[in-house]
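A.B. asks: Single-letter residue listing:
Number of protein chains: 2
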Amino acid sequence: MKKLIGDPQNVVRDALIGLEKSADQVRVDHENRVVHRAVPKEQGKVALVSGGGSGHEPLHGGFVGMGMLDAACAGEVFTSPTPDQVEAATTAADRGAGVLHIVKNYTGDVMNFEMAAELAGSVRVESVVTDDDVAVQDSTFTAGRRGVGVTVLLEKIVGAAAEEGHDLDTVAALARRVAAEGRSMGVALTSCTVPAAGKPTFDLPDDEMEVGIGIHGEPGRRRVPVAPASEIAQMLVEPILADLDMTSSPVIVLLNGMGASPLLELHLMYGEVAALLEKAGVTIARRLVGNYITSLDMAGCSLTLLRADDEMIRLWDAPVNTPGLRWGA
Amino acid sequence: MKKLIGDPQNVVRDALIGLEKSADQVRVDHENRVVHRAVPKEQGKVALVSGGGSGHEPLHGGFVGMGMLDAACAGEVFTSPTPDQVEAATTAADRGAGVLHIVKNYTGDVMNFEMAAELAGSVRVESVVTDDDVAVQDSTFTAGRRGVGVTVLLEKIVGAAAEEGHDLDTVAALARRVAAEGRSMGVALTSCTVPAAGKPTFDLPDDEMEVGIGIHGEPGRRRVPVAPASEIAQMLVEPILADLDMTSSPVIVLLNGMGASPLLELHLMYGEVAALLEKAGVTIARRLVGNYITSLDMAGCSLTLLRADDEMIRLWDAPVNTPGLRWGA
Chain A
1 MKKLIGDPQN VVRDALIGLE KSADQVRVDH ENRVVHRAVP KEQGKVALVS
51 GGGSGHEPLH GGFVGMGMLD AACAGEVFTS PTPDQVEAAT TAADRGAGVL
101 HIVKNYTGDV MNFEMAAELA GSVRVESVVT DDDVAVQDST FTAGRRGVGV
151 TVLLEKIVGA AAEEGHDLDT VAALARRVAA EGRSMGVALT SCTVPAAGKP
201 TFDLPDDEME VGIGIHGEPG RRRVPVAPAS EIAQMLVEPI LADLDMTSSP
251 VIVLLNGMGA SPLLELHLMY GEVAALLEKA GVTIARRLVG NYITSLDMAG
301 CSLTLLRADD EMIRLWDAPV NTPGLRWGA
Chain B
1 MKKLIGDPQN VVRDALIGLE KSADQVRVDH ENRVVHRAVP KEQGKVALVS
51 GGGSGHEPLH GGFVGMGMLD AACAGEVFTS PTPDQVEAAT TAADRGAGVL
101 HIVKNYTGDV MNFEMAAELA GSVRVESVVT DDDVAVQDST FTAGRRGVGV
151 TVLLEKIVGA AAEEGHDLDT VAALARRVAA EGRSMGVALT SCTVPAAGKP
201 TFDLPDDEME VGIGIHGEPG RRRVPVAPAS EIAQMLVEPI LADLDMTSSP
251 VIVLLNGMGA SPLLELHLMY GEVAALLEKA GVTIARRLVG NYITSLDMAG
301 CSLTLLRADD EMIRLWDAPV NTPGLRWGA
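Listed in order, the protein sequences are those of chains A and B. For what it's worth, the working numbering labels the leading residue of the first sequence as 1, then goes sequentially. For what it's worth, the working numbering labels the leading residue of the second sequence as 1, then goes sequentially.
Chain A on its own, in the form it takes in the complex:
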């Protein structure tokens, strides 16, 4: 295993130390492994709290800051944060206007965020669960579809709405609307290696790729021979368009790297994807290309399309200032 790490058991702790030192926007509660805003919001703002297993950086701790999250819980690598962590984040983030939990649809995450909401009894909590991955219906860690790339878009859009001062019901309703409008599909060229395991999560022959990969290396739909980018783009675009009509409103496109694929390749893939979408009559309103929801050192990419109405696009364009996503501020 070749990684820029120390003791494999302490990777999450050590990375949070580095994140805090590297970013003005956040401070870290190291005991609870919660990333908070460096400058907390005043009373009265709905707080957004997310989190999940580590290994998907910049998700979620890298999206804490003005215009996105108020706090994020970092679980061990590919492991749900505990209810205690989520409760600590929820209680600390509440500014009297309630807290929205943003949860990716994995059984452990859903359960632990629910328990945390009960533990934080005096705080009003609403939840939104993302389940945008069209690859498989159930999966290793999931009942129903897995939550992946739409989580990034949701945290940005809903974060901007919370910043504007809307109440918890309004913010939660928007979050559910965004979650319903997004679909994703991913492909892996290589496996990934969990530091504490020390060996690749799955075996993938040198001439094959996994179509429909999960962000923890969960199996997808099928293995196929390594294909040119134009064919990979088809394998991502077609299942999404088959699942949801994306021509009825403009879309926000996220072409996301899995962690080990360089930007040269992500640019190239975006070009192939955009050409297919144009041919299919999909109108691209906004786009984001880079590493936003990763899977450790996996090579590959995922595509997320979100049907976005005018309000969502306006909120997408609003200023954001986090370690992982920043513009207009």
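Hints were generated in silico from the structure; no laboratory data involved. Do not take every clue at face value.
Any copy, or any two copies together, can satisfy a pair, since identical chains are not distinguished.
Simulated crosslink set (EDC-like; lysine to aspartate or glutamate; CA at most 20 Å straight-line) [claimed, not checked]:
1) K21 with E278
2) K41 with D169
3) K2 with D206
4) K21 with D243
5) K21 with E42
6) K199 with D7
7) K2 with E208
8) K279 with E118
Starting from the known structure of chain A, fit chain B onto it as the hints suggest.
C.D. replies: Then chain B, alone, in the frame of chain A:
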């Protein structure tokens, strides 16, 4: 070779198509493979033109836009752009106030930018050459030190100065000052694979890393067994501090990923580097952690330290809006 690409011979062309589609800030002259600003500056602004071999994205095309470059030439992968390309970029970018060429110190780049300056006879051109890599004195493609990470910091700082309307002599003098104040050192955990070659540029055993690696996979100082992040941090920090006293003024730190190392590891490495710098009495004024000058699919990282005076820090903080670096706009 597993990559998100089509025909390996057309990787640069295809990636430029994707870059242009993915980024509002730029448009691409595909014939000359020059990335221009989508909204050119008005007459009277000094233009910044850079470029080099592809495979280092977001450098350089990803740094075209308000506050950084006016144009960037994309050579083939790890191959200097031709004099004709650079001339086309220079002539198109000139707004009557002259052009600053920002050139990394590789023999082909230096020669071709010089020839381009002669070809663009009617345009006044000044040049700055970056040579910040302390690893080796001469190298496969280099007489003298190699130009690496400081190029990113220079393009940001000098780009902001050009935006303020200073004349060519002032902008060029600042650029040379920045180039003189920066030092870098890199490490590779894996080799990289040039698409047209189809196999790794060099062999690196599973239990070794290359200390002092070049961004094209050129040999560094030595091979050593894979080490913990804290020891890797020492291997990066110590040679830089031995080369230039970094305690005499605050520094801007770039902890840069080589392309295939995930952000989790880069955060962790930054924590180790920052701890060493604090111990050595170095004051960190600003920091940037992520993939900014990459080496295709190489795993590893590099460290750049830049002694920054108040003016450089003010210019660093100024708004920038490029595909690869953006804040305040």
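A.B. asks: For each hint, tell me whether it holds in the structure or not.
C.D. replies: The hints, checked one at a time:
1. Taking the shortest Cα distances, K21 and E278 sit within 20 Å of each other only across copies (11 Å), while inside one copy they are farther apart (42 Å).
2. In this assembly of identical chains, the alpha carbons of K41 and D169 lie at most 20 Å apart only when taken from the same copy (19 Å versus 45 Å across copies).
3. When the C-alpha separation of K2 and D206 is checked against a cutoff of 20 Å, the pair qualifies both within a copy, at 18 Å, and between copies, at 8 Å.
4. Taking identical chains as interchangeable, the C-alpha atoms of K21 and D243 are never at most 20 Å apart, the minima being 42 Å within one chain and 25 Å between chains.
5. Within a single copy, K21 and E42 get their C-alpha atoms no closer than 24 Å, and across copies no closer than 39 Å, so neither meets the 20 Å cut-off.
6. For the identical chains of this complex, K199 and D7 are intra-copy neighbours only, at 15 Å inside a copy versus 32 Å across copies, given an alpha-carbon limit of 20 Å.
7. In this homomeric assembly, K2 and E208 come within 20 Å of each other (Cα to Cα) only across copies, at 9 Å, whereas the closest approach inside a single copy is 22 Å.
8. For the homomeric pair K279 and E118, neither the shortest alpha-carbon distance inside one copy (48 Å) nor that between copies (45 Å) is at most 20 Å.
When the structure is compared with the earlier hints, violations turn up for hints 4, 5 and 8 and for no others.
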